[in-house]
Every structure is written in structure tokens, then in C-alpha cells.
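A.B. asks: Sequence:
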Amino acid sequence: MYDPLIDASPGEAQPLADSYWHHHSQPQWPKTSNLPDSADVVVIGSGYTGLNAAITLAEKYQQRVVVIEANHLSWGCSSRNAGFVMKSTGRLGLADWQTRYGTDTARQILTEHEYGLEKLQQRRSECPEQLQAQLGGYYKLAHRPQAVAALRQQYQTLRQFDPAVRFIEPEQINGVIHSQQAHAALHFSDCFALNPLLLAAATARKAASSGAQLVDNTRVIALDRSAEGYRVTTSRGTIQTGKVCIATNAYTPKGLCARLDNRSLPVLSSVIVTAPLTAEEIAATGLVPGNVMMDTRELKYYYRLLPDGRLLFGGRGAIQGKNADDPVFAQRLLHAMWQSFPMLRRITEWQYFWSGWVSVSLDDYPRIGAIDDNLYAAMGYCGAGVSFTSVAGERLADAAMAQRLPALPYYQSPLKRFPMARFRRLGQWLFYHYGRIKDGDWR
604 MYDPLIDASP
614 GEAQPLADSY
624 WHHHSQPQWP
634 KTSNLPDSAD
644 VVVIGSGYTG
654 LNAAITLAEK
664 YQQRVVVIEA
674 NHLSWGCSSR
684 NAGFVMKSTG
694 RLGLADWQTR
704 YGTDTARQIL
714 TEHEYGLEKL
724 QQRRSECPEQ
734 LQAQLGGYYK
744 LAHRPQAVAA
754 LRQQYQTLRQ
764 FDPAVRFIEP
774 EQINGVIHSQ
784 QAHAALHFSD
794 CFALNPLLLA
804 AATARKAASS
814 GAQLVDNTRV
824 IALDRSAEGY
834 RVTTSRGTIQ
844 TGKVCIATNA
854 YTPKGLCARL
864 DNRSLPVLSS
874 VIVTAPLTAE
884 EIAATGLVPG
894 NVMMDTRELK
904 YYYRLLPDGR
914 LLFGGRGAIQ
924 GKNADDPVFA
934 QRLLHAMWQS
944 FPMLRRITEW
954 QYFWSGWVSV
964 SLDDYPRIGA
974 IDDNLYAAMG
984 YCGAGVSFTS
994 VAGERLADAA
1004 MAQRLPALPY
1014 YQSPLKRFPM
1024 ARFRRLGQWL
1034 FYHYGRIKDG
1044 DWR
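For the sequence shown, my numbering gives the first residue as 604, with consecutive numbering after it.
No lab work stands behind these hints: they were computed from the structure.
Hints may be right or wrong, so weigh each one.
What the hints assert, rightly or not - Listed below are the simulated SDA-like cross-link pairs for lysine to any residue, each with C-alpha atoms no more than 20 Å apart in a straight line:
#1 903 / 1019
#2 1041 / 901
#3 925 / 608
#4 1041 / 1030
#5 857 / 664
#6 903 / 941
#7 1019 / 865
#8 857 / 1024
#9 903 / 935
#10 663 / 729
#11 722 / 784
#12 1019 / 975
#13 857 / 609
#14 1041 / 784
#15 903 / 784
#16 722 / 738
#17 925 / 611
#18 857 / 604
#19 722 / 809
With the sequences and hints as input, model every part of the structure.
C.D. replies: Shown next, in the form of C-alpha cells:
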């Protein structure tokens, strides 16, 4: 598998990942274009961020927009994620934002996240298939008794900002889920689940109908300044443009843009999907379609019951791309699933297993905005971007049009450079061992 810290490019003309979504969806993709000679704005990357940027640039600012993708449209994590739609981005919660930046900023951040949720709800309403959305809410689960007190304290902070959030007491948790690793929970009722591949295709259709040209299977080789702005050299020719928006996030190859080098840690998140559970097994787990679950671990596990009764279960994957498809990582997820749901131990194999890169920033939250003259980027969602990317793409477009962005931390400063960046993977390996100890999973 492509590794952004090692490989010079993500390849070219590759099909979508061999995921559950790929085998159980019938997305309608828009027609793609040949590379034109010029554009007002070139967007590199056709995931949620790039496509939403293109929509805003074309509709709001009447720009001639060209979106360039090295492989199939939305080849990266926009077609590989678990479809969790939550009011967040990065690894920081509202309590963290409040501590770092104060109550007013935390409240404004929540408003921005709610805006992302609203935009995604609007996109869902525009689609005949409704993106296979499952409405039920997001549960943040205390994975062991020692985690309950911290979760309760988080609730006390959250209720200042979001009165709708509920705390599920230990004696109530069995009414939500029957798991040995669920001892209390926070419930966010306005979050939901969807099919991420259908969302990607719907967003691509919207971009195309807005007037953006979508160019797939075309690798960007170099960005060079020119009199007009930038000359973008690709595997299928060059294009002159006034401005460039980089929306490749964790899939950004080293050397594409010096302003982004060493400012992200690409981390693999892996997913398994089981065969359909029996009605008895579903009842035994307590899982309900529409409820999305994630625990309080440092190395989190996340899961949901899919519309056809399968269980999707995800967590950390390999450290290097060359090991991404090693079945040992699927087996680890299966073992973690058994720990949560011992009643599913008869399931000894998975039907689907895949991985995708998420971009982790040094300080755990993303940045969106200018990184040089006429050059803009969005990066660092830390795996929490399904809803926020709809906002991030819009803000990226606003920045490219010299509009003032909201006075929020992720719009006002560049990504920080990792110190001793060549040792990022070693640091990741050490953090994984620390996380297992802290989570009580060392064995």
C-alpha cells in the first residue's frame, strides 16, 4: 500500500479500495474531463475537502475550477472511512478547546462543527438514496470502570455548550449495549452514520454540476511558480492556474509541497466487516442500527451495525504502508471485537478488511488556509473529518478568494513542524506501546 512518508507518489489510475463499501454500493460518479490548459484555481485531491472546495469556488465565486486526482475519484479516506458523522475534528474535545482558548472560542468551535453537520444533512437530503444514513446518535463509551469518572467530568463540561448531550450511567449502559467494555457513555443524538462512498460520489456529482472540471487518473508531479500563479505539471501535461488548493491530507506525498513536508504524521486506521449477524447475535450485543460507537482508549476502537446486519469494527492498523494488508492486523481487530462482544466468538474470520491513512498533526487539530502566496491547504483532521470536511472545503475556498475566515485556531496558523521528523514512525511505535499500557490492553 502507498506510504506517504516513503513513496514519491500515490500511484496513478488505481481503482477504489477493496472495501465493503465498494462491494455493496452502486455510486453514480460524474463524467470526468481531460486536463485543460488553464484554470482560475486548481484543487489537488478529490476527497470530501477538495470537492467541497470546488463546489464553493464554482458556485459562490464563479471560478473556473479543475480538480485533479491521481487515481479514481475519492480514492483516499473519503471512500475508506467508517461513515461516522460527528460534531468534531482532530483529537481535541470541547473541554480541551476551553482549556486552551477559553469558553467563547470553544462555543464558536462547536458552532462551526454544527455547521458541518448541517451541511452534511443538506447533502443527504439531496440524494435519492439518502446516503444510506442511519440515525441514532454517537455513543462515547467508557471502556473500563476507571474511565467512568473522567467521562462524567467531560459531561459536566459539555452540558455547558450542548444541553442535548446525555450521560448514560453505569447502571443504564446495558440498555444501550451489551459489552464487557462499556461501563458508561456520552450520547450525542444528532450524530449519525452513512455510507461514505455514496457521500463521496454525491459530492463529486455536486461539484461537477456546479461547473468544476474533475480530472481523474492524473498524477501531479510538480508545482512551479509562474507569471500567472502556478504551473502544475502532471502525468498528462501541464496546466496554468492562478491559485492552487492542496486537499490531499494524509495522502500528500513527500516533496509535493515543501510547506507541508514534515507537518503531518500519516497513521493507518484499519477496518474489518463480518458476515451478517443472526437476529439472536444482534439481540445479544444490544447493537442498534444507527448507533455509532467509539471508546475512550488512547488507541480507540470504533464500530457500528451496518444496514445489512454486519458488524463494522475498526481501530489502529500497521505503522508502515507495506504492512497494511497483513492479516495480523485484521486478526487483532477480530480479537478486540471478541473482547467487547464475547457472544460473537463463533465469528472467526472477516469478510472485508481494508485500511486508510489519516493525518495526525503535532498539536492534534487541523489547519485550513494559506501556506504561501496563492497556495492553500487543508490537513490534519486526525481521522475525524466526515462532517468537518464539508466546512473545511468551504473555508479553503474562502481563503483562496482572500476572504477573512472565522477567528478559530485551525484557520489562523500553519501546521507545526514535527521535531526530529525523521523519527516520527519511531515515536508512533512508542506511543502505541504507551497507549496499550494506559488503556489496560497490555498483554
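A.B. asks: Does each hint fit the structure? Answer for all of them.
C.D. replies: Cross-check of the supplied hints:
1. A C-alpha spacing of about 24 Å is found between residue 903 and residue 1019, which places the hinted pair above 20 Å, so the restraint is violated.
2. Restraint check for residue 1041 and residue 901: satisfied, since their Cα atoms lie roughly 7 Å apart, inside the 20 Å limit.
3. Only pairs whose Cα atoms come within 20 Å are accepted, and residue 925 paired with residue 608 is accepted, the gap being roughly 11 Å.
4. Of the supplied pair hints, the one linking residue 1041 and residue 1030 holds, its CA atoms being roughly 16 Å apart against a limit of 20 Å.
5. Restraint check for residue 857 and residue 664: not satisfied, since their Cα atoms lie roughly 31 Å apart, outside the 20 Å limit.
6. A threshold of 20 Å between alpha carbons decides the hint, and for residue 903 with residue 941 the separation of about 15 Å falls inside it, so the pair holds.
7. Our distance criterion of 20 Å between C-alpha atoms is met by residue 1019 and residue 865, whose separation comes to about 9 Å.
8. Distance restraint check for residue 857 and residue 1024: the Cα-Cα separation of roughly 12 Å lies within the 20 Å cut-off, and the hinted pair is therefore satisfied.
9. As the CA atoms of residue 903 and residue 935 are separated by approximately 13 Å, the hinted pair is consistent with the 20 Å bound.
10. For the given pair, residue 663 sits about 19 Å from residue 729 by alpha-carbon distance, which is consistent with the 20 Å threshold.
11. Between residue 722 and residue 784, the direct Cα distance comes to roughly 33 Å. Violation of the 20 Å bound is thereby established for this hinted pair.
12. A distance of roughly 15 Å separates the Cα atoms of residue 1019 and residue 975; the hinted pair therefore holds under the 20 Å criterion.
13. With a C-alpha separation of about 8 Å, the suggested pair residue 857 and residue 609 falls inside the 20 Å cut-off, and the hint holds.
14. For a cut-off of 20 Å, the pair hint linking residue 1041 to residue 784 stands: about 15 Å separates their Cα positions.
15. Distance check on the hinted pair: residue 903 and residue 784 sit about 12 Å apart at the alpha-carbon level, within 20 Å; holds.
16. Taking the CA atoms of residue 722 and residue 738, the gap is near 16 Å; set against the 20 Å cutoff, the hint holds.
17. Straight-line distance between C-alpha atoms of residue 925 and residue 611 comes to about 14 Å, which keeps the hinted pair within the 20 Å bound.
18. Between residue 857 and residue 604 the CA atoms are separated by roughly 15 Å; this keeps the pair inside 20 Å, and the hint holds.
19. For the hint linking residue 722 to residue 809, the alpha-carbon distance of about 13 Å falls within 20 Å, and the restraint holds.
Going through the hint list in order, the structure does not satisfy hints 1, 5 and 11.
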